[in-house]
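In the order they appear, the protein sequences are chains L and V.
Numbered by our numbering, the letters in the first sequence go through residues 9 to 256 in order.
Numbered by our numbering, the letters in the second sequence go through residues 238 to 559 in order.
Since the hints were made in silico from the structure, they are not lab data.
No false leads were mixed into what you were given.
Here are the simulated lysine to any residue pairs, SDA-like style, with alpha carbons at most 20 angstroms apart:
id : chain 1 : residue 1 : chain 2 : residue 2
1  : L       : Lys95     : V       : Arg310
2  : V       : Lys305    : L       : Met254
3  : V       : Lys471    : V       : Val503
Residues from chain L that face chain V, not an exhaustive set, calculated with beta carbons under 8 angstroms:
id : residue
4  : Asn10
5  : Ser12
6  : Ala16
7  : Arg20
8  : Leu23
9  : Thr24
10 : Glu28
11 : Ile91
12 : Thr100
Residues of chain L placed beyond 12 angstroms of chain V at every Cβ, according to the derived structure:
id : residue
13 : Leu44
14 : Thr53
15 : Thr138
16 : Phe179
17 : Ile181
18 : Asn208
For each residue, glycine too, the CB sits at the ideal point set by N, CA and C.
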Amino acid sequence: MNLSGVYAIWLREMLTFFREKPRIVSAVINPIFWLLTFGVGLGATVNIAGVNYEQYIFPGILMQTFLFSSIFYGAYLVWDRRIDLLKAVLVTPLNRSSIFLGKVLGGVTFSLIEAAIILAFGVVININYTLTSIPLILITVIIAAAGLTAVGLIIGSLMTSPEGFQLITTFVIFPLFFLSGALFPLNNLPSYLTTLTITNPLTYIVDSLRSLLVGMQYFGTLENVLVMVSFAAVANFIGILAFRRMRA
Amino acid sequence: MPVIETCGLTKNYGKITAVDDLRISIEEGEIFGLLGPNGAGKTTIIKMLATLLEPTSGTATVNGFDIKKQPARVRESIGIIFQEPSSDELLTGYENIKLYAMIYGLPKNQIQTRSAEALKLVELTDRKDDLVKHYSGGMRRRLEIARSLIHRPKVLFLDEPTLGLDPRGRENMWNYILKLVKELKMTVFLTTHYMEEADTLANRIGIIDRGKIAILDSPKALKRIVGGDLVTIKAKALKIEEIRKLSYVTDVTQENNETKIIIENVSENLQHLLTALGKIDSVQVRNTTLNDVFLRFTGRQIQEEGESNWFDKIVQESTEKA
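Chain V extracted, bound-state conformation:
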């Protein structure tokens, strides 16, 4: 039985359809990544699955509980980390965790052991008595992970888990998430607009654009759809037709004085291709990224630097109010 299954999940804000007839099914132990630009509907989906937002129509089950009919049961069985920091700055790391252990109704003797366990898992034990306002962004995120695990949820929702972290903090965070899945055998549902993040963490990715899943598959399979890696050649004269005939070449396009060749298995075939081409001025090889996949299915790029995009924020906020 799938851990998360959505059945025509839809959310309208006035005339805007933020999430449009979502149908996905996620099995136990998966890391499912929802990849898309800001405003694509990712957070709205998480909020509905976490019972913070009523769907306009359709429904979903999480751990077998219906989000509309059994919201309390859903909340007992999930952990969630929001986009914005949600730990209390004026409390210590330990106090933050302890209060949540109490809220989840853990018995007294378990509050301490579980809190200690959770803090150890995210390597915050030696900073547990410091006020959270003295923590770095990465530490706060780790504390929130520890907090969300205190009641041993079966599913963990992560909404843009590395938003605002520096590259090192981001990589650390990825390691923690992978560790959780391995050690606690959790199912993870994460949203991100970082291609690399989805690629590293997720075993299946749903590409979402304007509230609809454009395509859903493993990162490898998604990249295979694009047809392989990109080799850009600069050369005086190229015999385009002959290149096309090579068995591993899937596509050739010419732009100005550059020739873009898409080939399968670049590491094995590049040598042969270059020999076949003869004299060239320069060559550039780029592996296919999910951005290429996104471009292919939506006709647009994901804006990597969209983090503090004021326009998106305003649109998002005004739709939330509606």
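Next up, chain L with everything else stripped away, as it sits in the complex:
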């Protein structure tokens, strides 16, 4: 493991991130639209167990923010591979797990920055923060984003051309998002929906965030933590394997 190399990979992501302003803007404006239109609009007539609908979906929309950005950040690898950018890194002595680690750290950092902006917006819709909830929320974001970035990188390392990029939204992001309990409670669901949501690791991310942000919880805390940590660990493990066998 070459730390200066990992740092270089991360630094590259940071430098390019802050120069691509449209990427940041769309990453945070989109969720705010969701909250203000869908959340407030439906919230005018709907509340769930005494919680405003916009507050109820706030944790889900927060997760949606870094879900999109982590998966696309990772899948963007297919562009780096298409041009010779990645090849130039692969031909250095830096081993592939270090490159992978640097990339994951980059994705986690972006997620944290975007999450911070959305969390700040939470004040507008009366989300209560405490001194203990904020660090726990950020730790949850880090673990979740590490897993999701790894999933994105796995997709990016398997794709052979950027043509299939749109399919990622349809077949990966939307199913994961809609089946995560981000928009509706898990009680009283038809059994096929229950099965699909409780097998989706993102459901546990949303549940953790919801317990920290609005004090509602479906699963046990231990259950949530175990599922999130195992998801991140397994995704990163598979990701490193995928990077090792990736064709230059």
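Given chain L, work out where chain V should sit, using these hints.
Just chain V, lined up with the frame of chain L:
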């Protein structure tokens, strides 16, 4: 001991043999040119030598390290510039170089001095803080050269180093490459499909066609094989048999109303030849090029304008996927 030595290096993509039992040996300080048309297997060879691609069979050593058994050691000791631009557009020239210096694990105090040195060598010092997306194609190539030198490799691989550059950019690039070899005493392995490029830069050329080296020698020796330069004569009546008897004439062929005469040392012998021929209508002299050599050994021409040949690209891509 040779710097690069390949031992039966072979790469198959499915049923296609991209590189067929390659055996070459390159000494320190050489500029070795691999000349051939698109799809001849040049890039595949470079990728295998740079440990980016596993050979199907055979192996090679680079700087004494085996590409199969010691890939990390090979990568530490080589620099490489790919066909397509591989610098980061959203970073400045300096940032591009600095990141690679970090990746190669250079100590902090060396990162700055080496980056400055490398940028100076390719004359980009005054543009180092501009984003690469504002660079010209030639500048990007030069930046990539600087980047590939940051860890002082002993061997530099250049895959079509002037592809996509205009004639002036191309000539500039040649000068930089020659300067590197002279100042840093590097060994250079380059591939090209430009005859002139191989002729100007390389001290030995391997002509490659369909994955096999057809012939390998110095540019001069290769041209000598063809027998000399070509003189094309138009004339009413020529005594072909008498021309053939001249000591410096190696070949005479007639096509329509033109007579093609191949002679040695055209600058000394042309005067004598023209006197011997008597009255002629026109004369045309062309120096032998590597294209003639290529034609002679493969029976085909190298397509100079093959740069954006969509068909070759498709074939190449589909074989890469396989």
